[in-house]
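Colleague: The primary structure of each chain is shown beneath.
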Amino acid sequence: MSVTLDLRLKRANKVYHEGETVAGVIVLVCKEPLQHHGISLSMEGQVNLQLSSKSVGVFEAFYNSVKPIQLISSNIEVAKPGKIPGGKTEIPFEFPLQTKGNKVLYETYHGVFVNIQYTLRCDMKRSLLAKDLSRNCEFIVHSQPQKSKVVPTPVNFKITPDTLQNTREKGSPPKFLIRGHLDATNCVISQPLTGEVVVESSDVPVKSIELQLVRVETCGCAEGYARDATEIQNIQIAEGDVCHGLSIPIYMVFPRLFTCPTLETTNFKVEFEVNVVIVLHDDHLITENFPLKLCRV
Amino acid sequence: DEQKWLRCSGKMLFSIKILKSSRFHVSRGCFRTHACNENTASFKTNLRAEQQRCRCEASPVEFGEYHPLKPIMVTDTKTRRGARKGSTSSSSSSSSSVPPSDPLSSMLDGTDPLSMFAAASGSESHATSHSSSLGRKKREKEEEAVGPDFEPWSSKRGEILSRFTTTEKLSINLFMGSEKGKAPSPGTSAVSEKVRTRLEELDDLEEGSQRELLNLSQQDYANRIEELNQSLKEAWSSDQKVKALKIVIQCSKLLSDTSVIQFYPSKFVLITDILDTFGRLVFDRIWTMCSDPRPLPDNFTVEDVNDTAKETCLNWFFKIASIRELLPRLYVEAAILKCNRFLTKSGIQETLPRLTAMIRGIGDPLVAAYARAYLCRIGMEVAPQLKDNLNRNFFDLLGTFRQISGETVRNQLVLQRVEPPEYLTLYSPAINWILQCIAYRAPEPLLTEMMERCKTLGNNALLLNSVMRAFRPEFVAARATDFIGMIKDCDESGFPKHLLFGSLGRSLACADPPESERLTILNEAWKVITKVRSPQDYINCAEVWVEFTCRHFTKREVNTVLADMIKHMTPDRAFEDAYPQLQSVIQKILTYFHDFSVLFSMERFLPFLDMFQKDSVRVEVCKSIMEVFIKHQVELTRDPVILNAMLHICKTMHDSVNALTLEDEKRSLSLLIIGFIRVVSFGRDFEQQLSFCVEARATFCNLEPVLVQLIHTVNQLAMETRRVMRGSHSRKTAAFVRACAAYSFITVPSLSSIFSRLNLYLLSAQVALANQCLSQADAFLKAAVGVLPEVPRSISVEGKLRSSESFLLDFINNFLATLLVVPDHPEHGVLYLVRGLLNMVQDYTWEDSSDAKVRVYISALPLLAAMSQESFLYSIPEVDSNETLYGGDPKFLSEINKLCETLIGQILDHLKALSRDDSARRQSALAFSLFAVLLAHGELRNNKLSQLAVNLWNLSHKHGHCETSMSVRTLESIKHQAQQPDTAHLSDTVQRLALQSRT
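Those protein sequences? They're chains F and Z, same order as listed. Counting in full-length UniProt numbering, the first sequence runs from 1 upward without gaps. Counting in full-length UniProt numbering, the second sequence runs from 1 upward without gaps.
Since the hints were derived computationally from the structure, they do not count as laboratory data. Heads up, a few of these hints could be off.
[Stated by the list, open to error] If you anchor each label on the Cβ, the simulated ranges turn out as follows:
| hint | chain 1 | residue 1 | chain 2 | residue 2 | range |
| --- | --- | --- | --- | --- | --- |
| 1 | F | 225 | Z | 297 | 54 to 60 Å |
| 2 | F | 94 | Z | 297 | 31 to 37 Å |
| 3 | F | 94 | Z | 306 | 17 to 23 Å |
| 4 | Z | 388 | F | 275 | 30 to 36 Å |
None of these values were measured; they are calculated from a predicted model. Note that beta-carbon positions come from the ideal geometry of N, C-alpha and C, so glycine has one too.
Looking at chain Z on its own, in the form it has when it is part of the complex (with noise of 0.2 Å):
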């Protein structure tokens, strides 16, 4: 309310003024009654006229159009502003001008004539927006003309962002209502007074026409450059011409601005972001102007363009040809260069020479340099084949080149305490891009010339570092000891060698210099590089070099670049503030050199690796390290070198997991490590694997996966041992293969997950007994039964709590698989384990309402089945199992018997408990299973027991909740093994198993 209240006053002030200069400027609201404050006789008259207007007309007619003093009246009603603010004006036009309406200041306020065809040409916002998207497609097309291989400007524009910072204050000084002093002088002119009330009308919508943002830290300052961008959009979507040109008028001028000098680039990418939009918002509404009643072709021509549109844009040009600064003019004409197309053929062709030449007139040699790049850049945009005004561009630029060093520029960096190496960097994005555009696919012979005319200036190191880093990589790296030539030469006044030869580098970092030179190259180039004091600035630049020495040299030379950087980084921790450079420096190596026994062979890279102090860098070199090394690695190796290289590396990524490790960043150490181990093979030593098993156990023990890896490896060890004796072990092997057993046992427990501990168990108890080991089989298997009461009830799997019942059931039925090849141990009773599965069973405090148990129950049947074979169905070669240590003995089999009937008793019992509560699908489905079992394993022969089945079959299909398909096939089925002669009882049973009919 409060800024509202002071737009309000605003106003009244600036009505004020207008009544005093005898002209009344009759607008709405608040500013009426003010006004009759003003001026109480035209308050009364006016009053007079309302009341009057009451009486006579019923319609509500505008306000001023009764004023008495009419004749003598501006009566601009076309009141925009008043429609922006919500109220309702009618803008019904009666205007009666005595003083002459001035064309020029009437399309200030964006009601000019042609604005005014524009408007009735249709509804404009929306063939806008319309237009825009459409001109994107054009504008994509013709970067299309320029071609992929030219690097665009949107891609060096983070770039500069990015490097040209400060922490200095800045300040944006907008003067939105600058055009005051382009009016006639002489204040009592007509035309003039006019022009200014509506400039300040226009002011007035700024909020004060001077607006100086002071203390801006760098990110306000973008943060408004960005607002103001957003209102230029919306002043032009609200169809105020007129401000937007002011806005874009004024970003300009803050590119005259050279306070802050070192955020000069970033200001300059900042405002030329406007200068774009600028551009593209006059673009297409001229194109749009043209596109009825079809749109305009891409390549249209001067005649498709209607004269409405003609003369919309011909007013632009000459309203930018007033602007009274040299440098919004130079920079708004630039940015509608393209508008030029509207208007003649030859427009482009005859303006960029003419703003080329333009740009001379600017003093400041940064702000002319910045100007070319921004004409350079529109002009590669616009019209990609006139390449002479590039050049002509360049060539100025060389003219002016002594100013940088002059005394302006000098006193001005001494003023804002900028040493000059910093300030020649300045002009590096903007010579480096005008270079950039004049290299784009230029012939060979007009790079020499530019090279030639570097050269002539006294091999200016600015230009001569431009000039490598825009031409292509394959000119600079075939002259290369040319340029190594000319970058001795050059005079070192103010620009640092070292970026000299870090721009050098990167050229030859892609192209390939003469073979026969390349050891010069080097030499040359390291024996400047390694005088480089500044350990920020050696690293930059040796980091470059790094890339062609590997790609060229053998490890030999790579070891002594590594080792004068180690020699450089060293002192003072300097590698502290180095760690991008030196990872980078990491990464180009391992690009290279894929041979790790080279690699490690290096003396001095595992010293550099070293370097890297902090925990979270160090553990990111050792990761790509190793994700190199895993793709790289496909042969196995025992490699002592690489052995512990790698073994150093894994540790210190092991080393860096603490308990705010997250789950995924452990995974994936997990994941490299666990590649590491697989690759290492040290072939028939299997005791030395085993003791490498054992050190990395010690190394590793917080990472549980690649404890499982180990235990794993260290079973597959067993079983290699396995496989070379053929079955049988000599007493060495025996020992072996306990020891690995030993292994296992002693590091399952260090697990946390109980699943893995369980498995675990199990599949080294199998290895152990496939070894014949025994008592350690013994030992795994009652581990895992004493285990299993620890089991939850539920899971985490990938982080969703789950019931842990079916992992457990599949668990057991293993176990109980397992189970029928391990013979009985002596000094315990007669199926010792099986008992102590099932009591263990039995005492699980398993979920209320699961059948988990009796499902284990039904299970454990057939491996009782199976127990009571002559011979079993499997068993592991040079172990005894039960078959032959109790060899069918009556008492063995009474007691499985024994055992069964329990079983049967209890499943029968939890049975009858389903009938009573409302279970009878469960009752039904556990029925039909243990009814299976009989079928399949039972002695159907005795009477007892298949009557049993034939109960449970009717149990089963009792409430109809049998699947009928599935009766059907077991029927099938019985019937079909009732005609084998060995199992003709089953045909009784069929007659007496009835199938459920579906009433």
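Looking at chain F on its own, in the form it has when it is part of the complex (with noise of 0.2 Å):
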């Protein structure tokens, strides 16, 4: 006598915004009728942090961890207990995506240190001889278009040995001329970032150039706060011993789910950074940072 149960979102993205009603139905598939004692279904939004082990010790940050911010729940019951008749069954369901007071929903972001993530979840309890069946399915909450208009603040840069900083070793780094601009540092989320980088002159080969997407993440806690950097991604954009003085794109889609619109909130910040690497043939790595705004228009 088996069953299941299954959530499906009529969206095929499942992406939804403030505001919209998420829609979607129930499926249950048995063969036989089944006796149940009660269908239920809830709706979460929840704020994860994790405080990192970096930052605050391997045990209070096992221990420590900070409570979930709620950003919305809500819960219906489905279906009063009873019994379903064999076969597959569908059972609508509609929730409004709607904040109770001045919260904010955020944006879906799946993090290192921070997690924003919505959930519905439909639980049918049973007798006590059977299993309780439930189901959980993600859905994708994508925060309200920016009204302000976008500048897109373009910079240019150029790296010679002199420009950099952090130089950790003794010796003169090679010479070598690289330049290039970025279209934009605020960032369109759903946009890729662009510009050009070119190898004017290099004595020692390049070996690679890469573009490191990095994710700043700041938690609030009761000792302070914790900021952490880690790599969303890393891609490369050229390899080998590139033509000098020939522009060379920069390109790169920003990952769904792993990034969202710079966050900052009193808990919790999430901030978006592009390195490009430049790697050259005898391992010395060479690394521009531009911090990145992101939006969503």
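Need the complex rebuilt from these two chains, each delivered in its own frame; the hints are there to steer you.
Modeller: The structure is reproduced here in structure tokens:
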């Protein structure tokens, strides 16, 4: 006597905005009529914060996890205790995506220390002998488009041995001149990061040029705050000794879920940066950092 | 078994890691027990749980569902792996996950929500197979859009694979776990850990995450790649989309490896095959997702595509956009470029320039050039109307051209010990392809512009070469003089000029340059070609130019060219390595020169042939010449130049025959030689012709069909002589025809086929008779009779063993018919030859249950009857037959009668013998044929004979084996004859012939 419980959202991409209605169906498939003690459906959205072991120590990190921040929560009873006929049963449902009070629905974000997630959960209670069934389904919330116009604020850069900071080695680095520009540091999240980089000259051949997308997550807690930068992805844009003087395109798609519009709240912050990393053949690593401001339009 | 065990232990290791990370991933099978060992506490609870389950519930429930640690457990119960391995996993889904299930990572195991949607939408494998055929149809249509005059990539594949080979050892480095690096860096991250374990799980499938296959030969390498291609298809059909993607990524990563650089073009071909497969699979899958309720039209638009399909498609693009390495990201996105059609109208148009620009990031110029070729190819397939992109690729290529001579490349070449000229040729397929795409249906000005650009790049030889190969031959031919100038000007750094001239020659072979320039072109070109040192390079180039020379010039120029080739190829027997090219030269000459007197009057033609010293090749060449000769030499010839040369060629072919030569080969050689013999004619000079035949016999003694042909030719010659002399020979011609007969007489015995011999004896005897050579005819016939006993009882006909009886009977009947006109030899007795034949027939060992001997006797009766006539039915002019010799002498007649009696006696004995055993049917048939003979040739006025006839009739009808209709017709015919006044006696007989009534 098997039964399957499934949750299906109407939208294929599962993306919703505040004020919209999350609609879908609960699908129950069983061969024979099924006795149950009630079916309920709940919607929940919360921010999970985790402290980094780097900033507060291993044990604190483990025990002192910060309490999740509830963003939205609602619960409805879908069916009273009773019987479901055999075959496939579809129960449609709708949830208004509306916050109480002045809470804001942050955009879905999967990070390392900060996670913003929205889920639907369907529970079916059954008799003592049979196991309860439950089904989770994540849906994605996109924050409301920003009202003000986005100013792209392009940035030019030029990297030479002289412009380097934090050089770790004593000896003089090889000579090189790398120019380039980013078309925007105020980026629209749904559009790629673009720009150009030109290796004008380099004594040592270039081995690789990479774009490193970094998230900077800040969590506030009793002892102050922890700020950690971790890599989201690393995209190679040049491999090998590229032709000098030729502009190489900078192009990176912001990965879904792992990026969100730059977020700053009282308890936590999520910011993004991009590093242009140039690896020379003698394994010299030259990095140029650019803070980004992501937004949704 | 060991393999399985290894796999299990691999899984165990992996499970330990998970347990350590305080998260449980419950799978099934051996893993379970191992997990329990690791964590005894949980093992016990598991056990208890299991016992509990057994007590409470009869129905089997997923093990993990009862785990007491459930709340913090990820139960990924959609165990596709299990299912694949054949275990019966029910996938009841209940997952309560504390850690967020990462949507991206969940895509990794193929159970992402989207693919679940897809799975829900119907049995997919079925749909895919259906769609792939549809897809193929679609693809074909698209190719049409490009037009049949566009040489497709598929035709280049083989050429590249066979041209760029290596004997160096290759290696494949597949690092299937590469995406681990992509996971967010801190190992503490819940998400990344999960991604990692999933990936490890997938690696597990690969049996070891990193596979380095070293020391592969080229063939091994190709096989490995093909295996990967297969496993890609398998992974795809078993819904492991991510594994498929990983295979593709790993494969395209191999393209950044330029060790064993000589092999790179072939590697490119092999790997892009995989990419093509992948692109097709993805496109077809998304296409099927939209084919509900009815398939998408070929020219579908974005609006026709449903959301699920779009989302899946988008997912692919996002996934690919996050590939770390440049080259795989580029190649894989290019491979699924076509899928942009599902998302936006302008997608392809926007993506192509972006990918083109992306290639600038590839440092290695060779890798970049091939990436461009691939992009151009995909562009041509998907959106042939977008020409801009092709040009941009080419200009970028020109822009980075200086890299080829850069330091990095030079170091690499030194390291791999590859010479710059060889290195440069590696570029040819890629650049040729790009230029071909550009040149396809391109307006003239564009081509001119391209040419100018090449010029500005210092007439780079490599480019120039590609331009000549890719652009329309007409375009090149019209500017041939320009091109020659450019070739002369271009710096020879690394790229040899003979290759350039080779390419130019190839264009000129298909299109004609202006007439006034032709000679200059040839002179200029040959000036360079003749200076090429290496015989191999020389012949490769010269071969191409032969066509141009043959097309536009006379034998004088061709002769010069041939002389030059001989000069180059003879030292050190260089021709030994160049047979294919030399053969092709001959082929080309033969296409343009059909007049063999001209051809053989080229002084250097035969010496050129002498360079083919390997037997098989030489025969091959001779055969091709002969074929052309037979086809085009329609008029008979006596030209000594042709005859000498052809005899030489035919002799070469003949001499190649040995004990090991196959029957078929012999037959085809014979046919060719016979073809030659047939066109030889010396007109009225018969003696010359005969001596030619004598010579030919000596030359071609090993090929029997040729000898047969020669005998026929000589016989024909004799008859021709007779025709010229109007039947009466002069002394001289008589001697000549006797010589002809002698020729046949001594040639026939050398044949091994007995029936050829018999038939030729008979034929030659007839010819001799016709030419009044009585003693020769006698000799032929005697020889034939002498040969008869040698006839085997079965002969092989077309490879099958058959009884020779029917052939023999045919021959004997034919022979008997001839005997009528052969006059008896004065020194031998009456009917010497007839008796001789009949004796031979009697002594011959016939098959046991055969009536053949009696049949011969029966058919001898009409001959004897004919001989007893006052004047014979037929005779040969100028030859006195027996009718004249004996003039109806009663002695002669009684001799005949005696013979007839003996024969009939023999026949009747045989009939009697037949009645003894149960061979009534044979008896009936024989009796009936004897009856027919008697009726036709016998004197039925004679009572005895008429009685015999009646008896035979009755015998044949005795057992009812006679065909009634036949009997009826025979009766009718006899009755009809009986009405004639001179055969009225038959009416008596008729009355005594009773028809057997059917009871």
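Colleague: Each hint: holds or not?
Modeller: Against the structure, the hints:
Distance hint check for residue 225(F) and residue 297(Z): the Cβ-Cβ separation is about 58 Å, which falls inside the suggested range of 54 to 60 Å. Checking the proposed 31 to 37 Å range against residue 94(F) and residue 297(Z) shows it holds: the Cβ atoms sit about 35 Å from each other. For residue 94(F) paired with residue 306(Z), a C-beta distance near 22 Å keeps the hint of 17 to 23 Å intact. Distance hint check for residue 388(Z) and residue 275(F): the Cβ-Cβ separation is about 34 Å, which falls inside the suggested range of 30 to 36 Å.
Of the numbered hints stated above, none is contradicted by the structure.
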